[in-house]
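Given chain A's structure and the hints, the job is docking chain B onto it.
Protein chains: 2
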Amino acid sequence: MKEIKVGILGLGTIGTGVVKVFQKNSELIQQRLGARLTLTKIADLDIITDRGIEIDPELLTTKAEEVLDHPDIEIVIELIGGYEPARSFVLRAIANGKHVITANKALLALHGDEIYAAAEAKGVEVQFEAAVAGGIPVISSIKENLCANHIRNVQGILNGTCNYILTRMTDAEENFDDVLKEAQEQGYAESDPTFDIEGVDTAHKLAILIALCFGTRVDFNDIYTEGITGISAVDIQFARQFGYKIKLLAIGKMGYGKVEARVHPTMIPVSHPLADVDGVYNAVRLVGDFVGPVTLHGQGAGMEATASAVMGDAVAVARNLLAGAPVRTPSLGYPLAQRKDLPVRPMDELIGQYYLRFAIPDQPGVLAQLAGVLGTYDISISSMIQPERQVGGAVPIVMMTHEAREADIRSAFAEIDAGGLVREKSHLIRIESDLF
Amino acid sequence: MKEIKVGILGLGTIGTGVVKVFQKNSELIQQRLGARLTLTKIADLDIITDRGIEIDPELLTTKAEEVLDHPDIEIVIELIGGYEPARSFVLRAIANGKHVITANKALLALHGDEIYAAAEAKGVEVQFEAAVAGGIPVISSIKENLCANHIRNVQGILNGTCNYILTRMTDAEENFDDVLKEAQEQGYAESDPTFDIEGVDTAHKLAILIALCFGTRVDFNDIYTEGITGISAVDIQFARQFGYKIKLLAIGKMGYGKVEARVHPTMIPVSHPLADVDGVYNAVRLVGDFVGPVTLHGQGAGMEATASAVMGDAVAVARNLLAGAPVRTPSLGYPLAQRKDLPVRPMDELIGQYYLRFAIPDQPGVLAQLAGVLGTYDISISSMIQPERQVGGAVPIVMMTHEAREADIRSAFAEIDAGGLVREKSHLIRIESDLF
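Chains A and B, in that order, give the protein sequences. Counting from 679, one number per residue, gives the positions in the first sequence under our numbering. Counting from 679, one number per residue, gives the positions in the second sequence under our numbering.
Excised from the complex, chain A in its bound form (with noise of 0.2 Å):
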């Protein structure tokens, strides 16, 4: 029986997970592959730290040139994280002729060009199925089922910290600053969680979800991202009022020759496909020409299921090298000199509709000046609440737009906060109510 070689770089969670699946589900890999995948090598600096699974010693090693320059590991796993080392590894394990697995989204945000460009003059794979949504196969979806759609509408919940936080601040009431506690005590936040709540995690991956689906090339710091951390308990409260859930979105949207490229917390309504995801979950909905609106839905994190795409992407590997077809698709789904190259549309050209939320002081009147402002720049009001009056403080007033443009929005935002009329500066929430 023929044997395929695998050498890991890290023995993170991802790592200890991949692990597992060699330990526990060799044999059924063997039987449906028709060869043996071995783990041949595991470099990581400690190797001394218990993770939970027996591993041979003679597995371990601290030199990831073990791995890298290993005569006979075909497949390399880079479970580094993060940019350095991890992008020299991987250029290095290219050069060496490996095919590359990675679950690197920080990595293929910010150096996919230069890896992907790598692997396509050495002839070899790069599969990152990992890199997004976890166990969810959502990358092979695009690149390979759906290849044959033009896809022009992506929008993702690609977070589980953020979308825990949101989850339990929406069904158990609690204010940001607690939840996030919580979940740092349960392990469903790091301890510094800025990557996770600022959106920079999301906007990772989105940027490797417009490439895939757009066949376009986005600047990752061309993607609008905002973070979870301006939500309070009173816009979720309101939300639910107006049959609304917020949630952090990735937004990949293609037209008239540009992409929107954005992440930020977004109303959507309870009817949504992405609306009852909640807690760790994550879900991806896509809609192409062919096959209309597409939504999977699983854990897009967490050890096992993470593993779970990894071991897909080893077999996907194996598979191709037992076939004696070594590159069978392109890391994209497409060979990079078709890839194009469009503008991200700058956020004052989009349009929408808005969620509002004003202080003003209870005096009789401002109400009437908010509105004056808002129509001075074409934003007309489609609903409203102003909770009871409490006398002498300032009270929130929520609005809700028809559809607007952002550009008016921030205009009307700066005069009202410029004029005195609110007591705190004037917030907005987007909302994504069309289903295409």
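It is possible that part of the hints are untrue.
Given that identical chains are not distinguished, each listed pair holds provided it fits within a single copy or across any two copies.
Only pairs whose alpha carbons sit at most 25 Å apart, straight line, appear in this in silico DSS-like list of lysine-lysine [unchecked claim]:
id, residue 1, residue 2
1, Lys1018, Lys702
2, Lys1103, Lys702
3, Lys698, Lys800
4, Lys936, Lys702
5, Lys698, Lys1103
6, Lys698, Lys859
7, Lys800, Lys680
8, Lys800, Lys936
9, Lys1018, Lys680
10, Lys936, Lys859
11, Lys698, Lys683
12, Lys741, Lys1018
13, Lys741, Lys936
14, Lys859, Lys741
15, Lys1103, Lys683
16, Lys1103, Lys680
No wet-lab data here; the hints were simulated from the structure.
Chain B only, in chain A's frame:
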């Protein structure tokens, strides 16, 4: 630029959809594939009827052999449907060394073995993503991405006609017969809807899913198949009162060396991931030992969504051919020699919760007698609804059981129905609360 020639058998709805993809998205496919996929010949007995698209008359033929024996066609797409002549044509295409793509679930459910074995012997691929859940990438997700998982549970809403009817019965509170008529008028149900509403179509698809997920053969006749014709508006209303919806589910489970393979109306909690799959949409939920639960949702039928899946397969085969690997993945995701032949668990052994409906005469003491019989058979009741009394007539009484054995329910029903306790045959609906 390389060219791969494709022939189509059958210019019905899906065939027309595939021609539309060729006409509309050939350039996109060429960019992604790096080669031309050319529609070379289309065979149908009727090449006269207007399908609403322009087709070069040179492409059309009434003779299947002009596709099957065409020296340059490498990929044959079978879209005739049914058993014959589809079976003979597919086998002849394989014998001629052509790769086959089919959307024909009936053919694969009954003659899959013969076809997969012929393909394996000849060294060609048979792909059938469109055969289950239309455009949703279910089959390749199981065969490829999730292949490192033991899958022990799969549930699906796989028939748009049934789901449309049940959704309308739920939302509009109409009767089965009225909704069926409406569905026929709107083109959501065939003029002879038997295969759909009796669950046969769903069972065909379940047979395929079980072979893929569990690696075992299932004789189509061993699949318990119950359609939706016995569901009444009153069941749907009671289900709602208990917090459930009624869906026609395909259910496959594996455990203790046996397979559960059943298609029947099923009550699922409104919070179940499949409860909101409405109208003509399909969805599949499965659980892998590493990936956990994954739910895939989209259009399960229709010209365009199904054509998307067919073309996804065509590109996949073309990628193999271009990479020099005519056969990359076996038809079922594993070599036929690896297939198990596990027995199907008899329905009598089923253990689960049940919804029971009895039509009892409006007399004192009948409920006590009914409960007595159920108790004799170890069936305990978790809740009950008895609507207001209708003097003199029969009244429905409904009960939800705790876990019970189906054999015991059957025995209790036999005794109850024979004992003159009820005015109509007693009625059950199985419940799946279990989210695994």
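Hint check results:
no.: 1; hint: Lys1018 x Lys702; in the structure: between (43 Å within a copy, 19 Å between copies)
no.: 2; hint: Lys1103 x Lys702; in the structure: neither (55 Å within a copy, 49 Å between copies)
no.: 3; hint: Lys698 x Lys800; in the structure: neither (31 Å within a copy, 37 Å between copies)
no.: 4; hint: Lys936 x Lys702; in the structure: between (47 Å within a copy, 21 Å between copies)
no.: 5; hint: Lys698 x Lys1103; in the structure: neither (50 Å within a copy, 52 Å between copies)
no.: 6; hint: Lys698 x Lys859; in the structure: neither (30 Å within a copy, 54 Å between copies)
no.: 7; hint: Lys800 x Lys680; in the structure: both (24 Å within a copy, 21 Å between copies)
no.: 8; hint: Lys800 x Lys936; in the structure: neither (32 Å within a copy, 48 Å between copies)
no.: 9; hint: Lys1018 x Lys680; in the structure: between (40 Å within a copy, 22 Å between copies)
no.: 10; hint: Lys936 x Lys859; in the structure: neither (40 Å within a copy, 46 Å between copies)
no.: 11; hint: Lys698 x Lys683; in the structure: within (16 Å within a copy, 44 Å between copies)
no.: 12; hint: Lys741 x Lys1018; in the structure: neither (39 Å within a copy, 43 Å between copies)
no.: 13; hint: Lys741 x Lys936; in the structure: neither (45 Å within a copy, 47 Å between copies)
no.: 14; hint: Lys859 x Lys741; in the structure: neither (37 Å within a copy, 70 Å between copies)
no.: 15; hint: Lys1103 x Lys683; in the structure: neither (58 Å within a copy, 62 Å between copies)
no.: 16; hint: Lys1103 x Lys680; in the structure: neither (65 Å within a copy, 60 Å between copies)
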